[in-house]
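Student: So the protein lines, in turn, are chains R and H. Numbering (my numbering) for the first sequence: 208 to 319. Numbering (my numbering) for the second sequence: 623 to 732.
One or more hints might be untrue.
No more than 30 Å apart at the CA atoms, straight line, and that leaves these computed lysine-lysine pairs for DSSO-like [what the hints assert, rightly or not]:
| hint | chain 1 | residue 1 | chain 2 | residue 2 |
| --- | --- | --- | --- | --- |
| 1 | H | K681 | H | K692 |
| 2 | R | K216 | H | K692 |
| 3 | H | K658 | H | K678 |
| 4 | H | K679 | H | K658 |
| 5 | H | K678 | H | K719 |
| 6 | R | K216 | H | K719 |
One side only, chain R facing chain H, incomplete, derived with CB under 8 Å [stated by the list, open to error]:
| hint | residue |
| --- | --- |
| 7 | S240 |
| 8 | L252 |
| 9 | T293 |
| 10 | F297 |
| 11 | T317 |
| 12 | V318 |
Calculated directly from the structure, the hints in this document are not laboratory data. Each residue gets a CB set at the ideal place from its N, CA and C atoms; glycine is no exception.
Residue strings, one per chain:
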Amino acid sequence: NAGVTQTPKFQVLKTGQSMTLQCAQDMNHEYMSWYRQDPGMGLRLIHYSVGAGITDQGEVPNGYNVSRSTTEDFPLRLLSAAPSQTSVYFCASRTGQSYGYTFGSGTRLTVV
Amino acid sequence: GQQVMQIPQYQHVQEGEDFTTYCNSSTTLSNIQWYKQRPGGHPVFLIQLVKSGEVKKQKRLTFQFGEAKKNSSLHITATQTTDVGTYFCAGVFGNEKLTFGTGTRLTIIP
């Protein structure tokens, strides 16, 4: 089991560029979420999914899109990168509401 | 919106001293989870509390969920250098959304 795999680990973007952060899990987990972590602000929920084909917005969804075509994959798309999106992004998954989330190792994104 | 407040933001303790971090919500939580994040790492799930007044222990760590299900605490007895990191609580308000507190960063003075 690889757990939750995020790629890339590091990325530098120019303002206005688009990109996709990849997230894959091999544990057959139903629930998947994307968080961003900024200094002093904890982890804030961007988007989440309770199963393939179902997604919903979290606390800070603006500027991000997601889709969940398979149970395993939950990519996060930045449509037009802005410096305010400089952050560490974590993908997480869990099997049900009685369990905690397993986090990936994160993607450190810098937008210049 | 639904928020989870966590205090203190930082805590420096001598090795062997105890440590406590507190979480509070203005509205009733369905359940609360605790995570630990080592410097440069990712959050790791520690425990989930569901029942009113619930107390759970993991070795030197004691987790409590308030009677009103609006507050929670994590207490570490006799801290060790391996306890260094940031401890987050995360509340669930009845749906799948997990709302994290801002975390308490624990540093240990040897």
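Student: Run every hint past the structure and note whether it holds.
Tutor: Quick rundown of the hints versus the structure:
Only pairs whose Cα atoms come within 30 Å are accepted, and K681/H paired with K692/H is accepted, the gap being roughly 25 Å. A threshold of 30 Å between alpha carbons decides the hint, and for K216/R with K692/H the separation of about 36 Å lies outside it, so the pair is violated. Note on K658/H and K678/H: the hinted pairing holds, with a Cα-Cα distance of about 16 Å set against a maximum of 30 Å. At roughly 15 Å between alpha-carbon atoms, K679/H and K658/H fall within 30 Å of each other, so this suggested pair holds.
A C-alpha spacing of about 23 Å is found between K678/H and K719/H, which places the hinted pair at or below 30 Å, so the restraint holds. Restraint check for K216/R and K719/H: satisfied, since their Cα atoms lie roughly 25 Å apart, inside the 30 Å limit. Hint status for S240/R relative to chain H: holds, with the closest Cβ pair at about 7 Å, below 8 Å. Hint on L252/R holds. Least Cβ distance to chain H is approximately 6 Å, under the 8 Å limit.
Because the smallest distance between the Cβ of T293/R and any Cβ of chain H comes to about 17 Å, over 8 Å, the interface hint for this residue is violated. Nearest Cβ of chain H to the Cβ of F297/R: about 6 Å, under the 8 Å cut. The hint holds. Against a cut-off of 8 Å between C-beta atoms, the interface hint on T317/R is violated, since the closest Cβ of chain H lies about 16 Å away. A cut of 8 Å between beta carbons decides the hint on V318/R: the least distance to chain H is about 21 Å, and the hint is violated.
Of the numbered hints stated above, those contradicted by the structure are hints 2, 9, 11 and 12, listed in ascending order.
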